[in-house]
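> For the record, the sequence lines run as chains A and B.
FYI, the UniProt record's numbering numbers position 229 of the first sequence as 229, with every residue one higher than the one before it.
FYI, the UniProt record's numbering numbers position 55 of the second sequence as 55, with every residue one higher than the one before it.
Since the hints were made in silico from the structure, they are not lab data.
Don't take every hint at face value.
[Unchecked claim] In silico lysine-lysine, BS3-like type, Cα no more than 25 Å apart, as pairs:
| hint | chain 1 | residue 1 | chain 2 | residue 2 |
| --- | --- | --- | --- | --- |
| 1 | A | K197 | A | K186 |
| 2 | A | K227 | B | K384 |
| 3 | B | K60 | B | K246 |
| 4 | B | K174 | B | K150 |
| 5 | B | K91 | B | K106 |
| 6 | A | K26 | B | K150 |
[Claimed, not checked] To spell it out: a stretch of chain A is covered by chain B in this simulated footprint if at least three of its residues, at any positions, have a beta carbon under 8 Å from a beta carbon of chain B; those stretches are:
| hint | region |
| --- | --- |
| 7 | 107-113 |
| 8 | 117-124 |
Glycine included, each C-beta is placed from N, C-alpha and C at the ideal position.
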Amino acid sequence: MGEGQREGKKPIVELDGVGKTYFRDKEPVVVLDNISLDIEEGSYEALMGPSGSGKSTLLNLIAGLDRPSRGSARVAGQELSGMSDSALATFRSRTMGFIFQAYNLMPVLTAVENVELPLLLTKLSRGERKKRAQTALRVVGLEERMNHYPRQLSGGQEQRVAIARAIVNDPRIIVADEPTGDLDRKSADEILTLLEKLNKEFNKTILMVTHDPQAAERATVIHRLDKGNLS
Amino acid sequence: MIPVAYNLRNLAVRKTTTLATAAGLGLVVFVFASVLMLANSIERTLGRSGRPDVAIVLRKGSDAELASGIEAQQVSLILGNADVAKRPDGKPDGVGEIAAVILLPKLGTDGESNVQVRGVPDDVMAFRPSVTLVEGRPAQPGSDEVIVGKAISGRFKGLTLGQSFELRKNRPLKVVGIFADGGSSFESEVWGDVHSVGSAFGRQGSMSSVRVRLLSPAKFDGFKASIDQNQQLGLEVLRETDYYEKQSEGMNVFIGALGISIAFLFSVGAMIGAMITMYGSIANRQREIGTLRALGFSRFSILLSFLLESICLALIGGAIGALASLAMGMVRFSMVNFASFSEVVFTFEPTPGIMLGSLAVAVVMGLFGGFLPAVQAARMSPIKAMRG
Ligand SMILES: Nc1ncnc2c1ncn2[C@@H]1O[C@H](COP(=O)(O)OP(=O)(O)OP(=O)(O)O)[C@@H](O)[C@H]1O
Ligand SMILES: [Mg+2]
Numbered sequence: 001m002g003e004g005q006r007e008g009k010k011p012i013v014e015l016d017g018v019g020k021t022y023f024r025d026k027e028p029v030v031v032l033d034n035i036s037l038d039i040e041e042g043s044y045e046a047l048m049g050p051s052g053s054g055k056s057t058l059l060n061l062i063a064g065l066d067r068p069s070r071g072s073a074r075v076a077g078q079e080l081s082g083m084s085d086s087a088l089a090t091f092r093s094r095t096m097g098f099i100f101q102a103y104n105l106m107p108v109l110t111a112v113e114n115v116e117l118p119l120l121l122t123k124l125s126r127g128e129r130k131k132r133a134q135t136a137l138r139v140v141g142l143e144e145r146m147n148h149y150p151r152q153l154s155g156g157q158e159q160r161v162a163i164a165r166a167i168v169n170d171p172r173i174i175v176a177d178e179p180t181g182d183l184d185r186k187s188a189d190e191i192l193t194l195l196e197k198l199n200k201e202f203n204k205t206i207l208m209v210t211h212d213p214q215a216a217e218r219a220t221v222i223h224r225l226d227k228g229n230l231s
Numbered sequence: 001m002i003p004v005a006y007n008l009r010n011l012a013v014r015k016t017t018t019l020a021t022a023a024g025l026g027l028v029v030f031v032f033a034s035v036l037m038l039a040n041s042i043e044r045t046l047g048r049s050g051r052p053d054v055a056i057v058l059r060k061g062s063d064a065e066l067a068s069g070i071e072a073q074q075v076s077l078i079l080g081n082a083d084v085a086k087r088p089d090g091k092p093d094g095v096g097e098i099a100a101v102i103l104l105p106k107l108g109t110d111g112e113s114n115v116q117v118r119g120v121p122d123d124v125m126a127f128r129p130s131v132t133l134v135e136g137r138p139a140q141p142g143s144d145e146v147i148v149g150k151a152i153s154g155r156f157k158g159l160t161l162g163q164s165f166e167l168r169k170n171r172p173l174k175v176v177g178i179f180a181d182g183g184s185s186f187e188s189e190v191w192g193d194v195h196s197v198g199s200a201f202g203r204q205g206s207m208s209s210v211r212v213r214l215l216s217p218a219k220f221d222g223f224k225a226s227i228d229q230n231q232q233l234g235l236e237v238l239r240e241t242d243y244y245e246k247q248s249e250g251m252n253v254f255i256g257a258l259g260i261s262i263a264f265l266f267s268v269g270a271m272i273g274a275m276i277t278m279y280g281s282i283a284n285r286q287r288e289i290g291t292l293r294a295l296g297f298s299r300f301s302i303l304l305s306f307l308l309e310s311i312c313l314a315l316i317g318g319a320i321g322a323l324a325s326l327a328m329g330m331v332r333f334s335m336v337n338f339a340s341f342s343e344v345v346f347t348f349e350p351t352p353g354i355m356l357g358s359l360a361v362a363v364v365m366g367l368f369g370g371f372l373p374a375v376q377a378a379r380m381s382p383i384k385a386m387r388g
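Chain A with its partners taken away, still in its complex shape:
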């Protein structure tokens, strides 16, 4: 894993007046009102707020899964608001690592095959892909489980495989939507320690949505969202 050395210059995430309006039966629902937010490269930030306040929506916009209805979202030097679907897909594969609440591993693929998935979008050779996937599994401490299927792993182990998948492409940003939401305290703490390690040792920028105050405390900055606005 290389270390992105872009000390303190421009923020890696720059949101300016970002809003998101959904339409439910032609009725507009303003989910994000007017968000302006900068995130420095290499920081570890948490996003908290009541259910339905728009945390996931905001995270999805930053991750390039969705486009804002208004305002500008510059992430890793690219303006996301006008991007096509396929450009966003390429952006995600190069820049983002994803960690989901439900792990989202492919049940029919082994741990190492799951981790290898993002590398299938690169030009790497088969051997190189396998090597990198194994390295990523070593980082999360599951190298010896590489040929296990997800159903043969515990929840905490599944999430660690998912983290290996999130870092295998060496992304600059890792987004995590309630990564410990489905885990017991002990497994949750292991995951949080791992995220800390990725932030400190590998200089990954981490943005994490969480309901868990203990989780949020590990972050360097905590943002609070309420009714579509940062407070």
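Given the coordinates of chain A, work out where chain B with the ligands should sit on it, guided by the hints.
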């Protein structure tokens, strides 16, 4: 690209659904392959009966031997034509024959069916050297003995070596030999003495057809012209290959139309089955698809992946159907040849082309059945990954 292993293992995980759907697709492939194999057999069976250097002479206007009549004097005129090849003994290489059908009880069923009887001259084996006796002995010339083609031997009452059957009331014929002819339609005939057969049917002095071997296939046009020229004869000349090809065409059109419409009807059902299976599979994997999209896989690669899965599913069905159709090779199938109104026995003859064609049908069904579900999968938003 999303690895094919992902699709194959998903099919394996849903074993029961996969197999049930594949069986439906397999049924179509089975019907399709069997029809083609049967059509192939018909074409080959009748095709084998014809030789390119042999011309068949019938009475003008009669499409088939059965409806034709040629007087004995005309026979020697035809055999005397300069384009007719000679045997080593100097005699013209041709035969005048009588074709008739009789109704015989079928063994193993209650029904009766027509059997083609051919009254042949003593030297018929010299004219058709491909015919060989596989059991028994040749019939005594001028006797009431017959030989029976191996395709129908044992399928009708009395048509077994050593047994007898009645050509007419009180005219028993005895089976003394069984012959083979490389799978041609002659193997579905009974061959008796031309005079015995002729008298039994009240046709002394009149033949149904005359076949002659020409000096070369190229001599056909000249031979035909010289017969046609003599209008008084009122005869018609055909290449033997064309004569049988016309018969096989009629049967093939019938079987083909029947078989292909059955296969088509089934295929609509099978494709809907594949579609339902794929829709179900995709509905169960919304979050997986969303995750693949989030990781950066394009809509197109999702589309491709699910089309591939549907095609793999169809190929499993195709393999089942094709294998089952190969088992039809054991089955002998008798059908009425409308040109002779008698039964001809066919088998199901596979070719590599038919097998490949059947798998191609499976692929096409997989493509059609899987298309709409794959489009739905490709349109799925990556946000699905975040929610359940
Ligand atoms: N595609 C959509 N169409 C319509 N409304 C939506 C859509 N996505 C989200 N919403 C609405 O936007 C609001 C915020 O949703 P969001 O998922 O961002 O909340 P959240 O803060 O992540 O909540 P939670 O803590 O429960 O996960 C909710 O009221 C939700 O119903
Ligand atoms: Mg949420």
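> Evaluate each hint against the coordinates.
Against the structure, the hints come out as follows:
no.: 1; hint: A:K197 - A:K186; in the structure: holds, 17 Å
no.: 2; hint: A:K227 - B:K384; in the structure: holds, 22 Å
no.: 3; hint: B:K60 - B:K246; in the structure: holds, 16 Å
no.: 4; hint: B:K174 - B:K150; in the structure: holds, 15 Å
no.: 5; hint: B:K91 - B:K106; in the structure: violated, 40 Å
no.: 6; hint: A:K26 - B:K150; in the structure: violated, 79 Å
no.: 7; hint: 107-113; in the structure: holds (count 4)
no.: 8; hint: 117-124; in the structure: holds (count 4)
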